[in-house]
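Chain order of the listed sequences is A and B.
In this text, residue positions in the first sequence follow our numbering: the first is -5, and each later residue adds one.
In this text, residue positions in the second sequence follow our numbering: the first is 11, and each later residue adds one.
Honestly, the hints are just simulated from the structure, not real lab data.
Please note: incorrect hints may appear among the correct ones.
What the hints assert, rightly or not - So these bits of chain B aren't anywhere near chain A, every CB distance computed over 12 Å:
1) Leu42
2) Met164
3) Lys178
Claimed, not checked - Here's a subset of chain B near chain A, in silico, CB distances under 10 Å, partners left out:
4) Leu62
5) Arg63
6) Leu69
7) Leu73
8) Ala80
9) Ile122
10) Glu123
11) Arg126
12) Thr144
13) Gln150
Remember, it's a predicted structure, so these values are computed and weren't measured experimentally.
The C-beta atom is built at its ideal place from N, Cα and C for all residues, glycine as well.
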Amino acid sequence: MNDRKDTIITLTINGQETAVPAGTSLLEACASAGAFVPTLCYLEGVCSNASCGVCLVEVEGARSLLRSCVQKAAQGMKVNTTGPRVLRARKTAVELILANHPQDCLTCARNGTCELQSLSERLGIREIRFPRTKKKLPIDRSVAGLVRDNDKCILCGRCVAVCKDVQTVSAIDFAGRGSRTRIAAFMDRGLAGSPCVQCGQCSVVCPTGAIIERDETAAVWRALADPKKTIVVQTAPAIRASLGEALGLEAGTLVTGKMVAALRRLGFDKVFDTQFAADLTIMEEGSELLARISGGGTLPMITSCSPGWIGFIETFYPALLPHLSTCKSPQQMFGAIAKTFWAEKAGLDPANVGVVSIMPCTAKKREAGRPEMVGAWQWWKEKGTVPEKPFADVDWALTTRELARMIRGAGIDLATLPEEDFDDPLGRSTGAATIFGTTGGVMEAALRTVYELVTKRSLPSLDFTAVRGLEGVKEAEVDLDGTKVRVAVVHTLGKARIILDEIAAGKSPYAFIEVMTCPGGCIGGGGQPVNIDAAKRLRRNKAMYVEDLRLPIRKSHENPAIGALYADFLGKPLGHLSHGLLHTKYKARKV
Amino acid sequence: MSAASQAQVKNVERNSLDAIIKKKQGRPGALLGILEEAQGLEEHRYLSEISLRQIAEGLDLPLSQVYSVATFYSYFNLKPQGLHSVVVCRGTACHTRGSLELLVEAVDRLGIEDFREEEENSATTLDGFATVRTVACFGQCALAPVVEIDGEMMSRMTVGRLVSALAKLRKGGPK
Chain A
-5 MNDRKDTIIT LTINGQETAV PAGTSLLEAC ASAGAFVPTL CYLEGVCSNA SCGVCLVEVE
55 GARSLLRSCV QKAAQGMKVN TTGPRVLRAR KTAVELILAN HPQDCLTCAR NGTCELQSLS
115 ERLGIREIRF PRTKKKLPID RSVAGLVRDN DKCILCGRCV AVCKDVQTVS AIDFAGRGSR
175 TRIAAFMDRG LAGSPCVQCG QCSVVCPTGA IIERDETAAV WRALADPKKT IVVQTAPAIR
235 ASLGEALGLE AGTLVTGKMV AALRRLGFDK VFDTQFAADL TIMEEGSELL ARISGGGTLP
295 MITSCSPGWI GFIETFYPAL LPHLSTCKSP QQMFGAIAKT FWAEKAGLDP ANVGVVSIMP
355 CTAKKREAGR PEMVGAWQWW KEKGTVPEKP FADVDWALTT RELARMIRGA GIDLATLPEE
415 DFDDPLGRST GAATIFGTTG GVMEAALRTV YELVTKRSLP SLDFTAVRGL EGVKEAEVDL
475 DGTKVRVAVV HTLGKARIIL DEIAAGKSPY AFIEVMTCPG GCIGGGGQPV NIDAAKRLRR
535 NKAMYVEDLR LPIRKSHENP AIGALYADFL GKPLGHLSHG LLHTKYKARK V
Chain B
11 MSAASQAQVK NVERNSLDAI IKKKQGRPGA LLGILEEAQG LEEHRYLSEI SLRQIAEGLD
71 LPLSQVYSVA TFYSYFNLKP QGLHSVVVCR GTACHTRGSL ELLVEAVDRL GIEDFREEEE
131 NSATTLDGFA TVRTVACFGQ CALAPVVEID GEMMSRMTVG RLVSALAKLR KGGPK
């Protein structure tokens, strides 16, 4: 068979003649002919185990029904996707899965977003005909970001594929055989004993509630109700392009102003923006890069905003840790500034200030809980006015999904809310900070500032298009008044491995590299709305650049609130206070 | 054995496993062969966590993948095995001719508590004397029910013969 993509073949699907390029899967061919074939284990670009048996179609002349996700379309095929034989077999496949699936949809975190639930509804299943054959396994709550419940697992293998092939972490795999098959980390221990970096991509691709974020909304509700506490919230850049989607709007709908209004309605005392801290990050990280270039420091320097990535390099490439920027992530910079500069200015006891962050990320939960992330407490301690027990810079990191849950739970209708502005001063930000939310954004934001700091000239164009888009590895070269700086941008940990191996081999041509853990960067983060596909990822990506253009200031160093923060508090980038509050150290992690 | 000489034995085991890994590295299916030899190397015929870690590191494979393969094949033991082995066939033919009764008898006689056939395929006495195991089918259906004791197949097994065979083990029979 000729498999070249430019050869067109024709086949008949449900009586309709259809032309597709050779090499197209039957599943794709059916979709292009408008014949929807349901899937469960299949996930485009990630997983085609052909294990679930849901995508069965009937092909004339074939002895059995075929799994369309792995079967290639062939010239002259006559395909039926709706006949009684197909529908019965599909239904049986799902009924067999349901035999071992708990019937607790009403209380499941994925109630309403579960693919098994909607498939079961679509196929009209009204009873569970088969008895349960599996033993209930314990729930894994060993890590800060994720909860894994094998009882809800249907063994589709998507989590294994994304962890192994996309992220090259391989924290989990199939274990056992037959009715004892399960997804397990080494020795059936929790994720805590595995190389898991808590990126949460498994929780995004899981069709059911078998891997979910650790829900901390109850604790946040309690804190909001506590009259002694002042609770402030910060929202990561990517949330404004995904919160709407989590609440039923189209993917990529920007909801910045309505999100701010909703957070106020939930009872947050101040609605601030992680983007303020993203601008701060650019000031620190840009200065660090320039210092490394001029002072013979370790190059290439690699960004440090993405905590899954930090976990990855600490676990798999500890020898390359000196390449990481020492900058804390924007989330942590925000917490440290909110509980020092802002709390002092507002006359508040920092121990009674709670910082909640809304993140596209499950790894942020682990980052917030890292024992060294108590910069504010140390600052106050030096002034001699804090309790003995350290308080964290960030108290709770909620995912987009958790915030959507709170908004729905409170009966807030995003659509009818007015657009409101963030609070000053920690809510002021720029377009440069917005694009942190997508792959290439930190690099572009840094280049906008570094260029102007070095050349003292205005950039002719702010758009570094070479680092935009969703390709896995992007490169660019910038001329800083004679000094040519080569930069690279990668997303997903599998791609990060490529550039790390290059560095380890002493062959990296770059001065500065941006790494984001998740596909597409934060817009595709592990805490984002589930049921993601390439088209939705692109819409979220585009939304970030729309927001960048919408903002009056598009360069971090021109953010007046950042200027004031340095003038009134920090002094200068990389100064003494920055060192304690905004920078950190990394350590090798043994698993 | 003193702690020092125990440590010495362990070191010898680690070194032999390293040699096995080196010998098979790079060949297709190396992992299976190495797991097999590693199990043979261990005193209690099982794959210890230390061995699995050593193999994963030696072959540059994820721990989860090595564990996946080791737990897939019933040949591999993840727990120390007893001195004697009693394998009861639980295939259809053996089942219809009373193999469940034989399994229950073996488990009871050897003093294994709470063996759940649907959840595990083997259990070992607390004193490490014997391991009782089930298999799906020995392929000896004409001779059902079949029990294998220390490698010896015993066909058309009855509870009476099983009881005396187990008694013989206790008195220091085979091995």
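Note to self: Tell me the numbers of any earlier hints that the structure contravenes, in ascending order.
What the structure shows: 6, 9, 10, 12 and 13
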